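Student: Use these hints to put chain B with the ligands onto chain A, whose structure you have.
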Amino acid sequence: MKHKFLVFFAMFFASLALFIWQAPQVHADKTYTIGTDVTFPPFVYANSNNKYVGIDMELIRSIAKEEGFKVNIKPLGFNAAVQSLSSGQIDGVIAGMTITNERKQTLDFSTPYYESGIVMAVAKNSKISNLKDLKGKTVAVKTGTQGATYANSIKNKYGFKVVTFDDSDNVYNDVKTGNSAACFDDSAVLNYGVKTGLGLKIVTKPTDIGQYGFAVKKGQNQKLLKMFNAGLAKLKKNGKYDQIIKKYTGKKATSKTNKSNSEDRTFLGLLKQNGQAITNGIVETLKLTVVSIICATIFGILIGLLGVLPNKFARGLSTTIVYIFRGLPLLVLALFIYNGIPSLTGTKIPAFVAGIITLTLNEGAYTAAFVKGGIEAVDSGQMEAARSLGLPFGKAMRKVILPQGIRIMIPSFINQFIITLKDTSILSIIGILELTQTGKIIIARNLEGFKVWAIIAIIYLVIITVLTLLSNWIERRING
Amino acid sequence: MTNLKVDVTNLNKNYGDNHVLKGIDFKVASNEVVVLIGPSGSGKSTLLRCLNRLEEPTSGSIIIDGQDISNSKTNIDKARENIGMVFQHFNLFNNLTVGQNVELAPTELGKISKDKAAQQAKKLLATVGLADKYNAKPQSLSGGQKQRVAIARALAMNPDIMLFDEPTSALDPEMVGDVLEVMKKLAKNGMTMVVVTHEMGFAKEMADRVVFMADGVVVEEGTPEEVFDHPQNDRTQAFLEKVINV
Ligand SMILES: Nc1ncnc2c1ncn2[C@@H]1O[C@H](COP(=O)(O)OP(=O)(O)OP(=O)(O)O)[C@@H](O)[C@H]1O
Ligand SMILES: [Mg+2]
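Chains as they are written, first to last, in the UniProt record's numbering: chain A, 1 to 480; chain B, 1 to 246.
Calculated from the structure, these hints are not laboratory results.
Quantities reported herein were computed from a predicted structural model and do not represent experimental measurements.
We put the beta carbon where it would ideally sit given N, CA and C, even for glycine.
A few of these clues could be false.
Unchecked claim - A partial selection of chain B residues facing chain A, derived with a Cβ cut-off under 10 Å:
hint, residue
1, ASN52
2, ALA79
3, ARG80
4, GLU81
5, ASN82
6, PHE87
7, PHE90
8, ASN91
9, LEU92
10, PHE93
11, ASN94
12, ASN95
13, ALA105
14, GLU108
15, ALA150
To be verified - Under the rule of at most 20 Å between Cα atoms (straight-line distance), these lysine to aspartate or glutamate pairs were calculated in the EDC-like manner:
hint, chain 1, residue 1, chain 2, residue 2
16, B, LYS22, B, GLU56
17, A, LYS312, B, GLU56
18, A, LYS395, A, GLU376
19, A, LYS236, A, GLU66
20, B, LYS27, B, GLU226
21, B, LYS188, B, ASP178
22, A, LYS395, B, GLU81
23, B, LYS78, B, ASP68
24, A, LYS104, A, ASP208
25, A, LYS399, B, ASP115
26, A, LYS312, B, GLU55
27, A, LYS399, B, GLU81
28, B, LYS78, A, GLU384
29, B, LYS137, A, ASP379
30, A, LYS395, B, ASP77
31, A, LYS399, B, ASP77
32, B, LYS111, B, ASP77
33, A, LYS226, A, ASP108
34, B, LYS204, B, GLU166
35, A, LYS395, A, ASP379
36, A, LYS395, B, GLU108
37, B, LYS27, B, GLU220
38, A, LYS237, A, GLU67
39, A, LYS395, A, GLU384
40, A, LYS399, B, GLU108
Okay, chain A solo, but in the shape it has when bound (with noise of 0.2 Å):
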């Protein structure tokens, strides 16, 4: 039994591996992976169709073709792009992001595509007009953006206090709802925002002028940072590059935002808009919620049963697996799987799969614990007396030992078949596309935070509800 056991846990783990392994070989050859932040109009963002679209997205797109390449944008959001690129899971970087030189350290960057200044925006009744009067105030400010580097450059100078978001849409709120006296931000994206009636105004000129480039790994990929840059070189000259400018910056564009703009914002209007994205969002939860389920309750099974045989080492791996990644926070584990392991190895991981493994891990832990508290819950007479019989231990554990533990366990299983769906919102970091991204994104666009929150909230309930009358189902079926 035991060397059974000690096999089957061999085969887990081995077809883990190979399911890890075989993933890369999908990517084609001549398809690049570029990772943005699609909470960046106008230069990236999702439009009513949830399209990538903004000046970003069309240029790599033009670009791309001029150049005879296929690209595949993920939605990582800025940081998690960064760190993506430096770890090798993607090819490049393409989200508005200013040329530095502490990004050159790490980073390779084209020819600049775009040119712009970071501007203070403020409440529209505040009565703030410069830097001078944020003595005292906090500002807010986006992640990773040379608009947080220039307020921190500056906090000391006028005396402010800066906080920061990863969504520029929790940046803007917080000066709205006044927590915030003022944000900075690329003048584009302000413009935008203004424009596209976001209840903030502009106060400063344009400073701190930068450019903004595409990027790659330093040392990599050469060879589509030369095609970005004569793709773009041949985009400004047959007049393709202004089109695109034009297009998102110029006054057109903010009278067809401002058409969107009165579009339906009701509840049932955003459901019917969002439809499609929303759908596509409840079907990857879902498959991320019951392919985790599965694998958790597998690994989790084995790592508890592993806690109660009888053999010290097993007893201590066990131990050590459900103390490190019980341990470990979540969204530590996810940015560890997906971008630290992959910059050790050189091998990607499709994000779907770091996902899975995440999961698997951290909710097989719970289980794991609960498994052996389940087992350890029975009466040791129980055992004794099995024992006493003649029956092996693996046979005492299967007759008489399980079939009483996992009567007590099976509360803690609908437990953490519900903590599981939930934690899949965390997985939103590695940019999967499921509900909660899929909330980020929309909100990017119309602003619609309490109505979109409200929406993907109630869904997630409801998927709990059924999820907790099936278990409750199986519950009785397994009682009965």
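Tutor: Relative to the frame of chain A, chain B with the ligands by itself:
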């Protein structure tokens, strides 16, 4: 001494610094009924549990039916099939019915077919007076009934020797008689038995030999008359006075 069922020589057991069994010599002949008595903590349960290696002895030799139990190369599962054990708290398998409790080990270990096992279980339950409880759940039984099922379960493996660790201490007084009755029947049928008990009546009536243990050593042993009526050792005397006064 070829008919020795149990032959324990110089058995020692330590729990950390706690020296619980201190060089025990303990023999049981075939068909013999031995009653183990002694104060709480003297090591009676530990000795009993070493006999089927539910506890690992620290040193010494334990030979049962000619087989060296203390040798780690011995197939202990096989050896245990021959050594029935009855616990103070019954330890019936809570997930199984009474019938399944009795049938589990013989069928799982491939001793007999399912049908035969069911027949045998019914017969054994009848001999312990519980023919009508075949389909009952352990939770629905009284303590005395549970203990009789536990005895039937141990007998289903057809053991040569039965170990009892205070089989009646957890029972209401009115239940004790039924269980002792079953044990007496077993003894009369020639079962080799080692019984830890505080039931002095049972010891006087059924024991071939009484062994008194204190502080991890065998202090005194002999026939019930010798030990109960003419104890040689002060500690035996003191113990018996206490027990008989209760
Ligand atoms: N698993 C164990 N770990 C540590 N010490 C133990 C363990 N089992 C028993 N002991 C100790 O061994 C000694 C003998 O215990 P044992 O249970 O054999 O006594 P006993 O004679 O059966 O007593 P009682 O009449 O109370 O059942 C006691 O001091 C007890 O505390
Ligand atoms: Mg005891």
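Student: Take the hints in turn and mark each one as holding or not.
Tutor: Evaluated hints:
1. Against a cut-off of 10 Å between C-beta atoms, the interface hint on B:ASN52 holds, since the closest Cβ of chain A lies about 6 Å away.
2. With 10 Å as the threshold, the beta carbon of B:ALA79 comes within range of chain A, its nearest partner Cβ sitting at about 8 Å, so the hint holds.
3. A cut of 10 Å between beta carbons decides the hint on B:ARG80: the least distance to chain A is about 4 Å, and the hint holds.
4. Nearest Cβ of chain A to the Cβ of B:GLU81: about 4 Å, under the 10 Å cut. The hint holds.
5. About 8 Å separates the beta-carbon of B:ASN82 from the nearest beta-carbon of chain A, less than 10 Å, and the hint is met.
6. Among the interface hints, the one on B:PHE87 holds; its C-beta lies about 6 Å from the nearest C-beta in chain A, closer than the 10 Å criterion.
7. A distance limit of 10 Å between C-beta atoms decides the matter here; for B:PHE90 the minimum to chain A is near 8 Å, and the interface restraint holds.
8. Here the hint on B:ASN91 is kept, as its CB sits about 4 Å from the closest CB of chain A, short of 10 Å.
9. This hint holds: B:LEU92 has a C-beta 8 Å from the nearest C-beta of chain A, less than the 10 Å allowed.
10. Given hint, B:PHE93 at the interface with chain A, holds; its Cβ is 5 Å from that chain's nearest Cβ, closer than 10 Å.
11. A hinted interface residue such as B:ASN94 counts as satisfied when its beta carbon comes closer than 10 Å to some beta carbon of chain A; here the least separation is about 6 Å, so the hint holds.
12. Nearest Cβ of chain A to the Cβ of B:ASN95: about 4 Å, under the 10 Å cut. The hint holds.
13. The closest approach between the C-beta of B:ALA105 and any C-beta of chain A is roughly 4 Å, which is under the 10 Å cut-off, so the hint is satisfied.
14. Taken as an interface hint, B:GLU108 checks out: its beta carbon lies about 6 Å from the nearest beta carbon of chain A, inside 10 Å.
15. Because the beta carbon of B:ALA150 sits about 8 Å from the nearest beta carbon in chain A, less than 10 Å, this interface hint is met.
16. With a C-alpha separation of about 14 Å, the suggested pairing of B:LYS22 with B:GLU56 holds against the 20 Å cut-off.
17. Annotation: proposed proximity of A:LYS312 to B:GLU56 holds, straight-line Cα distance about 16 Å (limit 20 Å).
18. As the CA atoms of A:LYS395 and A:GLU376 are separated by approximately 16 Å, the hinted pair is consistent with the 20 Å bound.
19. Annotation: proposed proximity of A:LYS236 to A:GLU66 holds, straight-line Cα distance about 12 Å (limit 20 Å).
20. For the suggested pair B:LYS27 and B:GLU226, the alpha carbons sit about 18 Å apart, so the restraint of at most 20 Å is met.
21. A hinted pair counts as satisfied when its Cα atoms are at most 20 Å apart, and B:LYS188 with B:ASP178 qualifies at roughly 16 Å.
22. Between A:LYS395 and B:GLU81, the direct Cα distance comes to roughly 14 Å. Compliance with the 20 Å bound is thereby established for this hinted pair.
23. Of the pairs offered as hints, the one joining B:LYS78 and B:ASP68 holds, with about 12 Å between alpha carbons and a cut-off of 20 Å not exceeded.
24. The suggested pairing of A:LYS104 with A:ASP208 holds, with an alpha-carbon distance near 18 Å, which does not exceed 20 Å.
25. A distance of roughly 19 Å separates the Cα atoms of A:LYS399 and B:ASP115; the hinted pair therefore holds under the 20 Å criterion.
26. Of the pairs offered as hints, the one joining A:LYS312 and B:GLU55 holds, with about 17 Å between alpha carbons and a cut-off of 20 Å not exceeded.
27. Between A:LYS399 and B:GLU81 the alpha-carbon distance is near 17 Å, which keeps this suggested pair within the 20 Å criterion.
28. With a CA separation close to 15 Å, the supplied pair B:LYS78 and A:GLU384 stays within the 20 Å bound.
29. Restraint check: the Cα-Cα separation between B:LYS137 and A:ASP379 comes to about 17 Å, which is no more than 20 Å; the hinted pair holds.
30. A distance of roughly 11 Å separates the Cα atoms of A:LYS395 and B:ASP77; the hinted pair therefore holds under the 20 Å criterion.
31. The suggested pairing of A:LYS399 with B:ASP77 holds, with an alpha-carbon distance near 16 Å, which does not exceed 20 Å.
32. With a C-alpha separation of about 13 Å, the suggested pair B:LYS111 and B:ASP77 falls inside the 20 Å cut-off, and the hint holds.
33. Restraint check: the Cα-Cα separation between A:LYS226 and A:ASP108 comes to about 11 Å, which is no more than 20 Å; the hinted pair holds.
34. The suggested pairing of B:LYS204 with B:GLU166 holds, with an alpha-carbon distance near 16 Å, which does not exceed 20 Å.
35. The hinted pair formed by A:LYS395 and A:ASP379 meets the criterion: a straight-line CA distance of about 17 Å does not exceed 20 Å.
36. A hinted pair counts as satisfied when its Cα atoms are at most 20 Å apart, and A:LYS395 with B:GLU108 qualifies at roughly 8 Å.
37. Between B:LYS27 and B:GLU220, the direct Cα distance comes to roughly 13 Å. Compliance with the 20 Å bound is thereby established for this hinted pair.
38. For the suggested pair A:LYS237 and A:GLU67, the alpha carbons sit about 15 Å apart, so the restraint of at most 20 Å is met.
39. Among the hinted pairs, A:LYS395 with A:GLU384 is consistent with the structure: their alpha-carbon atoms are about 13 Å apart, no more than 20 Å.
40. Distance check on the hinted pair: A:LYS399 and B:GLU108 sit about 9 Å apart at the alpha-carbon level, within 20 Å; holds.
Checked against the numbered hints above, the structure breaks none of them.
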